[in-house]
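As given, the protein sequences belong to chains A and D, one line each in that order.
Every letter in the first sequence is one number past the one before it in the working numbering, and letter 1, counting from 1, is 1.
Each number in the working numbering comes from the position in the second sequence (counting from 1) with 72 added on.
No lab work stands behind these hints, which were simulated from the structure alone.
Computed from a predicted model, the values in this text were never measured in an experiment.
Mixed in with the good hints, there may be bad ones.
Cut-off 27 Å, straight-line C-alpha distance, at most; resulting in silico cross-link-like pairs (DSS-like, lysine-lysine) [what the hints assert, rightly or not]:
1) A/Lys48 x D/Lys411
2) D/Lys187 x A/Lys14
3) D/Lys210 x A/Lys14
4) A/Lys14 x A/Lys71
5) D/Lys370 x A/Lys14
6) D/Lys187 x D/Lys411
7) D/Lys187 x D/Lys370
8) D/Lys380 x D/Lys370
9) A/Lys71 x A/Lys48
So the derived list for chain D, only partly shown, Cβ under 7 Å to chain A, looks like this [claimed, not checked]:
10) Leu181
11) Pro182
12) Arg409
13) Arg413
From the three backbone atoms N, C-alpha and C, an ideal C-beta is built for every residue, glycine too.
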Amino acid sequence: MTSQTFRVHVDPEKCQGHNRCYSVSPDLFDLDDLGMSSAVGDGLVPAKLTGQARLAVDNCPEQAISLTEVKP
Amino acid sequence: MTNRHPPVENWATDFDHVDPVWAADPYPIWEELRQRCPVAHSDRYGGTWLPVTHELVSEVAYDTEHFTSRSIVVSERRPGPEDLPAPIGVSPPISSDPPYHGLIRRMLLPAFTPKPVDALEPFTRQLCRDLLAETEGKTSFDAATEYAGHIPVQVIARFLGFPETDAHLFRGFIRTVLEEVDRPAEEREAMFEELDGYMDVQIADHRAHPRDDLTSFLIDAEIAGSKLSEEHIRGTMTLLMIAGIDTTWSAIGASLWHLARHPADRRRLAAEPELMTTAVEEFLRAYAPVTMARLVAKDFDFHGHPFKEGDWLLLPFPAANRDPAVFENPGQVQLDRAKNRHAAFGLGRHRCLGSNLARMELRVALEEWLARYPDFELSDPAAVTWAGGQVRGPRTLPVSILGGPAA
Numbered sequence: 001m002t003s004q005t006f007r008v009h010v011d012p013e014k015c016q017g018h019n020r021c022y023s024v025s026p027d028l029f030d031l032d033d034l035g036m037s038s039a040v041g042d043g044l045v046p047a048k049l050t051g052q053a054r055l056a057v058d059n060c061p062e063q064a065i066s067l068t069e070v071k072p
Numbered sequence: 073m074t075n076r077h078p079p080v081e082n083w084a085t086d087f088d089h090v091d092p093v094w095a096a097d098p099y100p101i102w103e104e105l106r107q108r109c110p111v112a113h114s115d116r117y118g119g120t121w122l123p124v125t126h127e128l129v130s131e132v133a134y135d136t137e138h139f140t141s142r143s144i145v146v147s148e149r150r151p152g153p154e155d156l157p158a159p160i161g162v163s164p165p166i167s168s169d170p171p172y173h174g175l176i177r178r179m180l181l182p183a184f185t186p187k188p189v190d191a192l193e194p195f196t197r198q199l200c201r202d203l204l205a206e207t208e209g210k211t212s213f214d215a216a217t218e219y220a221g222h223i224p225v226q227v228i229a230r231f232l233g234f235p236e237t238d239a240h241l242f243r244g245f246i247r248t249v250l251e252e253v254d255r256p257a258e259e260r261e262a263m264f265e266e267l268d269g270y271m272d273v274q275i276a277d278h279r280a281h282p283r284d285d286l287t288s289f290l291i292d293a294e295i296a297g298s299k300l301s302e303e304h305i306r307g308t309m310t311l312l313m314i315a316g317i318d319t320t321w322s323a324i325g326a327s328l329w330h331l332a333r334h335p336a337d338r339r340r341l342a343a344e345p346e347l348m349t350t351a352v353e354e355f356l357r358a359y360a361p362v363t364m365a366r367l368v369a370k371d372f373d374f375h376g377h378p379f380k381e382g383d384w385l386l387l388p389f390p391a392a393n394r395d396p397a398v399f400e401n402p403g404q405v406q407l408d409r410a411k412n413r414h415a416a417f418g419l420g421r422h423r424c425l426g427s428n429l430a431r432m433e434l435r436v437a438l439e440e441w442l443a444r445y446p447d448f449e450l451s452d453p454a455a456v457t458w459a460g461g462q463v464r465g466p467r468t469l470p471v472s473i474l475g476g477p478a479a
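Excised from the complex, chain A in its bound form:
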């Protein structure tokens, strides 16, 4: 098992508030008063939530979410 670390990011220009990511992972995403999403905290994904982060990417209709590896 490699110990890759990922960071999740929501592009605020692309997010339209579908809330699909929030439904997949309320631990990784936060909604503002308008229902627009952003990554919780600094976006670092705990290893056990990597699967949820990928699902969020794969289910965002606006393709607003990106997952990038954080180099150690």
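Since chain A is already given, all that's left is putting chain D on it; use the hints.
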């Protein structure tokens, strides 16, 4: 289905979204057009375009320079000088263009976030249980008119603060706006006057007796320090009523239609309730009810097609959801589909405002149905009817309950 228009013979050059063939099963039509066109044209409604791939549907949805949302229901009547002008349009914000669109949408968004929507869940669940209780003792009934149809009507009536007892009126208004689009323009105008009259009565009542609902919210709302105009309030209320009812009715009905015909899916969903989240998204993808529309804002060349200012364009999100370039086995319903970027609620700045509400209603409606009737089938498949036009879903759905209600 009404037949004021002649039957379609060539879908690439003469399509009509109220044609009974389209209403009954549009998927083979879109599949054929994806291969033949993929932008079809029809002279009907004074000139209408139809792109059918996910790529082209997305392109139009994101392009607010060449397309206006000033009218989003294709009919014989285009917006005239008596209608609210762009960028507000007849039913803001769905009919509005940026930048004004963003202002009025921001005003409404907080009312549709998960928190206020979740607050309506207990009401919705009790409503579903009560509706199902009324089917007690019946071995067959119409799931569209006796169950699915009542759910969004009552939820929206509560949301807007309209009398529950007026629910029967809403159906007529919706038929006017969404289904009878092939009526002559003068007839449609008379029908709209009745709807406007109803809204005026509700607004007056809320002015006299303010309460905690969306109508009072709109009356109190301000944009840049100014109250909304009477036409603006009425237009938004009309939008919320029209957009919130047939759409969700269609989604609930189409999901039940699927489950009635697929025993394996029905049993799996009843046995594995944790699949409900992905199942709801998959039903929304496969049976997305809503096709949007735009007006071409200025003459331009769209991938080799001469788009002219004022042409209609149908924006078929349901066709985008069946595009094999984006979805694996798009014609197959997979309750656990993990990758599902469906566009059932649209794409871009006009993303359906009520998507959280619709999802909650669909989920609760299916949960309560399956809890009571885990096993059921169509009692007469030939008797199932589908609404045509821009909101497609079953309007007659006779089902037989198998093995009696759940204990």
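Going down the list of hints, with the structure as the test:
no.	hint	verdict
1	A/Lys48 x D/Lys411	holds (19 Å)
2	D/Lys187 x A/Lys14	holds (22 Å)
3	D/Lys210 x A/Lys14	violated (49 Å)
4	A/Lys14 x A/Lys71	holds (26 Å)
5	D/Lys370 x A/Lys14	holds (25 Å)
6	D/Lys187 x D/Lys411	holds (26 Å)
7	D/Lys187 x D/Lys370	violated (41 Å)
8	D/Lys380 x D/Lys370	holds (6 Å)
9	A/Lys71 x A/Lys48	holds (18 Å)
10	Leu181	holds (4 Å)
11	Pro182	holds (5 Å)
12	Arg409	violated (9 Å)
13	Arg413	holds (5 Å)
The earlier numbered hints that this structure contradicts are 3, 7, 12.
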